[in-house]
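**Student:** Can you make the complete structure from the sequences, with help from the hints?
Quick note, the sequences are listed as chains A and B, same order. For the first sequence, our numbering assigns the number 1 to the initial residue and increments by one for each residue that follows. For the second sequence, our numbering assigns the number 1001 to the initial residue and increments by one for each residue that follows.
Worth double-checking, as some hints may not be accurate.
[Unchecked claim] To list a few chain A residues with every Cβ distance to chain B over 10 Å, as calculated:
(1) ASP38
(2) ALA92
(3) MET139
(4) MET151
(5) ASN154
(6) VAL176
(7) VAL193
(8) ALA240
(9) GLY245
(10) HIS274
[What the hints assert, rightly or not] From the derived model, a few chain B residues whose C-beta atoms are all more than 10 Å from chain A:
(11) ARG1095
(12) GLN1103
(13) ALA1106
(14) ASP1109
(15) LEU1200
(16) PRO1241
(17) ALA1253
(18) PRO1258
(19) ARG1261
[Said to hold, decoys possible] Which chain A residues face chain B? A few, computed with CB under 10 Å, are given here:
(20) ARG45
(21) ALA134
(22) THR142
(23) GLU143
(24) GLN144
(25) ILE145
(26) ALA147
(27) GLU149
(28) SER150
(29) GLY152
(30) ALA153
(31) HIS276
(32) ASP282
Hint data in this document are derived by calculation from the structure and do not stem from the laboratory. Think of the CB as a built atom: it goes at the ideal place given N, C-alpha and C, for glycine as much as any other residue.
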Amino acid sequence: MPAPAATAVSPPGIAGWLADRVADLGELAIGWVASIGDVVLFALRTLGWIVARRQRREVLLPSFYQIGVMSLPVVALTGLFIGMVLAVQSYAQFKSLGLETRLGSVINLSLVRELGPVLAATMLAGRVGSAMAAELGTMRVTEQIDALESMGANPIYYLVVPRFLGCLVLIPSLTVMADFMGVLGGYLYSHLVLGIDYHHYWENSRAYVDAFDFLMGISKSFFFGAAIALVSCHHGFHCAPGAEGVGRAATNAFVHSFVLILVLDLFLGIGLNHLHDFIHPDGPRRLL
Amino acid sequence: MPAAATAPSSAADQAAPPLLQVDRLTVRFGPHEVLRDIAIDVDAGETLVILGESGCGKTVLLKSMIGLVRPSGGDVRFDGRSLGRLGDRQLAHLRTRYGFVFQGAALFDSASIADNIAFPLREHTRLSEGEIRPIVESLVDEVGLPRSALAKKPVEVSGGMRKRAGLARALALDPQLILYDEPTTGLDPIMSDVINELILRVRRRPGVTSVVVTHDMHTARKVADRIVMLYPVARLRPDEPQIVFDGTPDRLASSRDPRVRQFVEGRAGGRLDELREEQGLAAAGGRDDGDDTEDSR
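**Tutor:** If you want it as structure tokens, here you go:
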């Protein structure tokens, strides 16, 4: 016969209600701390395996192909359209001030500093992150991860490290592609549709966008790539049983990666702006 | 019965320390206790079958034996070494002395059958591809797989072939202890018996010890030297042991314990009413007579 479950008895009335709410909050906080600790340990173990043992080429290359090559078209296409959309949205404001030739500065600065890296990371999280979570989740559910462990192989070394390295190494390339296509899209729309003179468009862009802006975007992308790989693989590794569990892991991998990308973007942006001020103490460049 | 023919019998065998010792093992998942104070010794060369109904913790026990499930209490020792005290690398090294045949075979989807079987050899030996190939071919011959299956992906072959490929992979490193998780589940009766025959053949390999988790009585009777039967913790009183039977297949057949008899005879008894009561449904309106035979497959 099933044993009777022990039940916690709360004090009556409002004190009891308050005690229950405090207990709920405490449980939630403990859950959050445990989850964050778990992800950090997962990240440390991944970094440990990168150093401890070299990856095999035949394991790395398919992972790089899936993450980098297969993501390139979609990143290029979205970059192109975002560049054009920026031109569409900014043009009226700039024209009212008679500053439409400065459109290139705003579009290109926004792209290389923010939209290029964030867009490439978002597309990577959607296309690759959720796929990684689903793939590893399916491997967890079908005991393939247990099988790896039972054969004395480390699943983090075999499954996480190649994906982590793929995201880390290839997201800068995807960011460059998003930047390039965005700049191209913005210029094409501004020149061909809005009729802005190409000489002034590029001259103003060159004056206000420098190598630091470009490198700022690229350096942020490394953090985004690492975050996507770790969050997605962690969700896959800790997938709940069944098709529902795999689906939830894929969805959560994207949602949590996306939120983390935006949070990282804010703090990295603040930090890198301070770095810019440190390198150029004469203050920020004036766009207008 | 082949089991009796190969059962350890000499005084020296009896005196040898067990290959695997499960000592007061308790496993909890959150508030749910799955295993309670389990103590089992598995002697070298023996084939132990762990029987029990679905959800009684058989697979958790099997995974605890190889360190895939961390115990909440107690210990598992392989060849005298406590799994809980080993570091990741030591545990990984020790696992090369195990073979684990998973319920669904757990072959890697992205690799061919040949690459699946070769995986442990590539991971743990310095053999060249030219040396690995004949080993893989002899393993597929041993489990009765056609060589044409080697190039196929796991999804392209039948369930029975996947199980045999999983067994071939488990045998690749000549393990001392082979753990089988529900080896015949999901197979037709003929293929189930093929797997039983393979388990019997594998145990003829020198120094092989086997632990088979199953709810298939035919498999248990055919391959076991000894049978341990588990009962779900949720159905036990606090002072009752979870192991309700430990003995030979002959003794199982003559057991008078009603829990053992119910399982061996495959009777639902009043279980359906109990399940409905647990779910909060009123048994009063139920029309089930308690004597329906449960279809355990």
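**Student:** Hints first: check each against the structure and report whether it holds.
**Tutor:** Hints, one by one, checked against the model:
1. Distance to chain B confirms ASP38/A as a non-interface residue, since its nearest Cβ pair spans about 14 Å, more than 10 Å.
2. Look at ALA92/A: its CB is around 51 Å from the nearest CB on chain B, clear of 10 Å, so calling it non-interface holds up.
3. With 10 Å as the threshold on Cβ separation, the claim that MET139/A sits away from chain B is violated: the shortest Cβ distance comes to roughly 8 Å.
4. Its closest Cβ contact with chain B, about 5 Å, brings MET151/A to no more than 10 Å, contrary to its assignment away from the interface.
5. Non-interface call for ASN154/A relative to chain B: violated, since the shortest CB-CB distance, roughly 7 Å, does not exceed 10 Å.
6. Taking the minimum C-beta to C-beta distance to chain B, about 30 Å, the non-interface status of VAL176/A holds against the 10 Å cut.
7. Annotated as non-interface, VAL193/A keeps its C-beta farther than 10 Å from every C-beta of chain B; the closest such distance is 46 Å.
8. With 10 Å as the threshold on Cβ separation, the claim that ALA240/A sits away from chain B holds: the shortest Cβ distance comes to roughly 12 Å.
9. Even its closest Cβ contact with chain B, about 15 Å, leaves GLY245/A beyond 10 Å, as expected for a residue assigned away from the interface.
10. Residue placement check: HIS274/A keeps its beta carbon more than 10 Å from all beta carbons of chain B (closest about 40 Å).
11. The Cβ of ARG1095/B sits about 4 Å from the closest Cβ of chain A, inside the 10 Å cut-off, so the non-interface label is violated.
12. Some Cβ of chain A comes within 10 Å of the Cβ of GLN1103/B; the nearest lies about 7 Å off, and the non-interface call is violated.
13. At roughly 4 Å from the closest C-beta of chain A, the C-beta of ALA1106/B falls inside 10 Å, breaking its exclusion from the interface.
14. The non-interface label for ASP1109/B is inconsistent with chain A: the shortest C-beta to C-beta separation is roughly 7 Å, within 10 Å.
15. Non-interface call for LEU1200/B relative to chain A: holds, since the shortest CB-CB distance, roughly 22 Å, exceeds 10 Å.
16. Under the 10 Å C-beta cut-off, the non-interface status given to PRO1241/B relative to chain A holds; the minimum distance is some 14 Å.
17. Against the 10 Å criterion, ALA1253/B stays outside the reach of chain A, whose nearest CB is about 27 Å from its own CB.
18. Even its closest Cβ contact with chain A, about 13 Å, leaves PRO1258/B beyond 10 Å, as expected for a residue assigned away from the interface.
19. Distance to chain A confirms ARG1261/B as a non-interface residue, since its nearest Cβ pair spans about 18 Å, more than 10 Å.
20. Because the beta carbon of ARG45/A sits about 9 Å from the nearest beta carbon in chain B, less than 10 Å, this interface hint is met.
21. For ALA134/A, the shortest C-beta to C-beta distance to chain B is roughly 12 Å, which exceeds 10 Å, and the interface hint is violated.
22. Below 10 Å, beta-carbon pairs count as interface contacts, and THR142/A has one with chain B at about 6 Å; its hint therefore holds.
23. For GLU143/A, the shortest C-beta to C-beta distance to chain B is roughly 4 Å, which falls under 10 Å, so the interface hint holds.
24. Taking 10 Å as the C-beta contact cut-off toward chain B, the hint placing GLN144/A at the interface holds, the least distance being around 5 Å.
25. A least Cβ separation of about 9 Å between ILE145/A and chain B falls short of the 10 Å threshold, and the interface hint therefore holds.
26. With a cut of 10 Å, the hint placing ALA147/A at the interface with chain B holds, because the nearest CB-to-CB distance is about 4 Å.
27. Checking GLU149/A against chain B by beta carbon gives a least distance of about 6 Å; that is within 10 Å, so the hint holds.
28. Taking 10 Å as the C-beta cut-off, the interface hint given for SER150/A holds, the closest approach to chain B being about 4 Å.
29. The beta carbon of GLY152/A is positioned within 10 Å of a beta carbon in chain B (closest approach about 4 Å), and the interface hint is therefore held.
30. Because the smallest distance between the Cβ of ALA153/A and any Cβ of chain B comes to about 5 Å, under 10 Å, the interface hint for this residue holds.
31. The criterion of a C-beta within 10 Å of any C-beta in chain B is not met by HIS276/A, whose closest approach is roughly 43 Å, and the hint is violated.
32. Annotation: interface hint on ASP282/A violated; nearest CB of chain B at approximately 53 Å, more than 10 Å.
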